[in-house]
Every structure is written in structure tokens, then in C-alpha cells.
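K.L.:
Here is what each chain is made of, one letter per residue.
2 protein chains.
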Amino acid sequence: MPTHASDIPGYTYGSSAVQASSVTLEELQRLKLSVGLTEEDERYLRMAATVLDDQVAAIVNHWRAGIIAGIPHLARHSRNLDGSPNPEYLARSNRRFQQWIIDTCLRPYDQDWLNYQQEIALRHTSLKKNRVDRVASTTHVPYSDIVAFVAVLNDTIKPYLQAKGHSDTDVAGMHLAWQKSLHLQMALWAKTYMDLPDGSAQW
Amino acid sequence: MPTHASDIPGYTYGSSAVQASSVTLEELQRLKLSVGLTEEDERYLRMAATVLDDQVAAIVNHWRAGIIAGIPHLARHSRNLDGSPNPEYLARSNRRFQQWIIDTCLRPYDQDWLNYQQEIALRHTSLKKNRVDRVASTTHVPYSDIVAFVAVLNDTIKPYLQAKGHSDTDVAGMHLAWQKSLHLQMALWAKTYMDLPDGSAQW
Numbered sequence: 007m008p009t010h011a012s013d014i015p016g017y018t019y020g021s022s023a024v025q026a027s028s029v030t031l032e033e034l035q036r037l038k039l040s041v042g043l044t045e046e047d048e049r050y051l052r053m054a055a056t057v058l059d060d061q062v063a064a065i066v067n068h069w070r071a072g073i074i075a076g077i078p079h080l081a082r083h084s085r086n087l088d089g090s091p092n093p094e095y096l097a098r099s100n101r102r103f104q105q106w107i108i109d110t111c112l113r114p115y116d117q118d119w120l121n122y123q124q125e126i127a128l129r130h131t132s133l134k135k136n137r138v139d140r141v142a143s144t145t146h147v148p149y150s151d152i153v154a155f156v157a158v159l160n161d162t163i164k165p166y167l168q169a170k171g172h173s174d175t176d177v178a179g180m181h182l183a184w185q186k187s188l189h190l191q192m193a194l195w196a197k198t199y200m201d202l203p204d205g206s207a208q209w
Numbered sequence: 007m008p009t010h011a012s013d014i015p016g017y018t019y020g021s022s023a024v025q026a027s028s029v030t031l032e033e034l035q036r037l038k039l040s041v042g043l044t045e046e047d048e049r050y051l052r053m054a055a056t057v058l059d060d061q062v063a064a065i066v067n068h069w070r071a072g073i074i075a076g077i078p079h080l081a082r083h084s085r086n087l088d089g090s091p092n093p094e095y096l097a098r099s100n101r102r103f104q105q106w107i108i109d110t111c112l113r114p115y116d117q118d119w120l121n122y123q124q125e126i127a128l129r130h131t132s133l134k135k136n137r138v139d140r141v142a143s144t145t146h147v148p149y150s151d152i153v154a155f156v157a158v159l160n161d162t163i164k165p166y167l168q169a170k171g172h173s174d175t176d177v178a179g180m181h182l183a184w185q186k187s188l189h190l191q192m193a194l195w196a197k198t199y200m201d202l203p204d205g206s207a208q209w
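Residue numbers (the working numbering), protein chains in the order written: chain A, 7 to 209; chain B, 7 to 209.
These are calculated hints, taken from the structure and not from any lab test.
One or more of the hints may lead you astray.
As the list claims (entries may be wrong) - Straight line, CA to CA, 27 Å or less: simulated DSSO-like cross-link-like pairs of lysine-lysine:
(1) B:Lys38 to A:Lys135
(2) A:Lys38 to B:Lys135
(3) B:Lys38 to B:Lys164
(4) A:Lys164 to B:Lys135
(5) B:Lys164 to A:Lys38
(6) B:Lys164 to A:Lys170
(7) A:Lys38 to A:Lys164
(8) B:Lys134 to A:Lys164
(9) A:Lys38 to B:Lys170
Make the full structure from the sequences, and use the hints.
P.N.:
Following this line, the structure appears as C-alpha cells:
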């Protein structure tokens, strides 16, 4: 099971406090067909977990401090409402962001995973953002910015997948499997936003 | 300008019949920052246009006959309601699919492009699907399946980008720029689905 997961503030994967997903396992199965996720991809995701495990802090720092911090309309979502930094909020959210990398690679895509995908999406909408960390920050992260920024996650993960000396074939396999998982996740997160009473306002 | 565009059934890019997008150019600019789309990416997209131009029929055939035809819940969207083939509908839609590849690479991402992104999304929802081709087919393509299948588009475009002997650097640059554009487009299409009165039902 994922490393040190029990230490992470606000991380409730598999807990009974997580609501059941509105997406069924049958719908997930259909999405896996649409995305082309195979057993080979699942093996490559396990391989990626071993490659990324001790790099997750560096990766999230790259994303948050190296990229997001330079894009004001993204950076504000981890700050106070007046735009000032909130280092504790950022640190807590970074720990969960790190664990999400491991979960993407290591968790079986079962009911618990489906439920937690919905929880992750809810925590980016006005229904749940800020609550687990008891902060006053932006009300929500627009779905459009999440989908847009996944392009950056997909591109910048590559050198970290290359960092442990795997063959080009293995790196390409891990990278493709990672991207397929991200498309699956973007599709699942979309349901949470579309189900919001004011879904389009949180686009 | 894109090749033979005026011959394509139901293709109305830039026409006054296309509604204005509900997304503003300022919002598009913000999304370009989120996705990290640079002028270098735009140059690589122009390069990709020259590489893909004479391959678009083969590419769309690969996607439609080679992949989608084998996934019943996707294939039905280009068929009659009873599941029987509708070769004319498929052919018309394939022509537009081909032109979309060229437009992705060659069109400036301006107001006309923004408007046509909305038109493309609308034609996948119950508001406009089937209408331009006067067919009786599925009412809509779920947004989730579009996002999922873009993973396949992104993966399978790569050999076509390699087919004209460009360097690894150029191929990687064209591929990355293509993927950034697709993330931009998935983000834009999401707005159309979220704005639907029954958006979540067309997820």
C-alpha cells in the first residue's frame, strides 16, 4: 500500500467518510475501453510507482513552485483570498498531491478509487474546497483549468520517469499508461462538475 | 487556408451561421497560459500541418475503422439507431474529422476558432448531433467518452508525425504542441456540455 499515507493531513482514501461515487463500476469499465487502458498499462503503472516513489516531493515542487506559482490565476487557489501565501495550506495540499501520484500508479481502480476520484473533484468545487484544511481561499478551481493543466502534468512527468535508467520502451510504456489514467480521471472529475447545480459557473 | 475545406459536407467554419462562443478571447488567453501553449508550440503546429496534410484520410480511417469500430459504445454514434451501418453519415463525418486535424494545426486560435470549437461540441450534444447530416442516430456523444478517447488520438497520431523523416526533437515538439491543443479543446468543449440544461445526463 502507498507509503506513509496515514500521515497525510486530510487524506481519507478508503475511509467510510468518503461518499459513494455517482459513477458505477460498469461505467468505469466502459471508460477504460474508450481510453484503451489494458493490463499492460496497469503493469506499467506499477512500474511507474517504483520509479516515482522517492521523487514525488520533487515532482510536486516542480509543478507548484516551478510552474503554478508563476501563473497567478492558478496560484491563487492555494493562497489566501487577498492573494497572500498560506504556507500551511500549500504544504498540506502538496502532501496530498504527492500521494495522488502514488495512488494513480498503485491503487487498483475499484470502488474505493472511484469514490476517491469523486472526493478529489468535490474538493476542487465550491462544495468541498477549503473545508478539510479550514482555510479561506478561492471558492473553487475551474474544471477548464484542471483539464488545461493536465497537459503540463503529462509533459513534465517524463524526465522523472526517465530518472531511474529504464529503457526507452519502458519509459514510453509508463508515460502512455500515466496519460491514459489521467484521461480516465479527467472524465470522472467532469461528472462531479456537471452534477453541480451551477456546474457551468465552475467551468 | 485548409485544403478543399469548401467541399466538406456540413463544414461551416467561419460562416455567419456559426453562433458566437460563450467563451471569451480573454478566457481563451488564460487557458493558453494554464496549458502552457507558446509561440514555439504554434510553430510546431504549423509544421505538423505540413506533415499530416496528405495523411488525414489514413489517420481518420485508423481511428474510425481501426479502433472505434471495435468499441460498440463508441461505434454506435456514427450508426443508425438500430446499430446498422450508415456509410453516408460516416463518410460525411469522417471528412469533417479529417479537416479538424488540419484546423487544429493551421487555424489561428481566434474568435472564429473559438466559435467553431463550440459548434463542434454542440454537434456532439443532443442540441445539434445528427442535424447537419439529417440522420437518426444516438442523441449525443457523452463528454466522458470524448475525453477518454482523446488519449487514443494523442497516442496514435505519433507515427504519422514521424512519417516524413523529421528529427526526434521536431517530432516531440509537434506531438507536445498537438497535445496542448487537445487539452485546450477538451477544456472548451466542457463549457458547452456544462451549459446544457441536462449537462450531467450527457456526461
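K.L.:
All hints are to be evaluated individually against the structure, with a verdict given for each.
P.N.:
Here is what the structure says about each hint:
Proposed proximity of B:Lys38 and A:Lys135 is supported: the alpha carbons are some 24 Å apart, at most 27 Å. With a CA separation close to 24 Å, the supplied pair A:Lys38 and B:Lys135 stays within the 27 Å bound. A hinted pair counts as satisfied when its Cα atoms are at most 27 Å apart, and B:Lys38 with B:Lys164 qualifies at roughly 22 Å. Using a Cα cut-off of 27 Å, the hinted pair A:Lys164 and B:Lys135 is violated, with the two alpha carbons roughly 38 Å apart.
Restraint check for B:Lys164 and A:Lys38: satisfied, since their Cα atoms lie roughly 21 Å apart, inside the 27 Å limit. For the proposed pair B:Lys164 and A:Lys170, the alpha carbon gap of about 25 Å is at most 27 Å, so the pair holds. For the hint linking A:Lys38 to A:Lys164, the alpha-carbon distance of about 22 Å falls within 27 Å, and the restraint holds. Our distance criterion of 27 Å between C-alpha atoms is broken by B:Lys134 and A:Lys164, whose separation comes to about 39 Å.
Between the alpha carbons of A:Lys38 and B:Lys170 the distance comes to roughly 32 Å, so the proposed pair goes past 27 Å and is violated.
Hints 4, 8, 9 from the earlier list are contradicted by this structure; the remaining hints agree with it.
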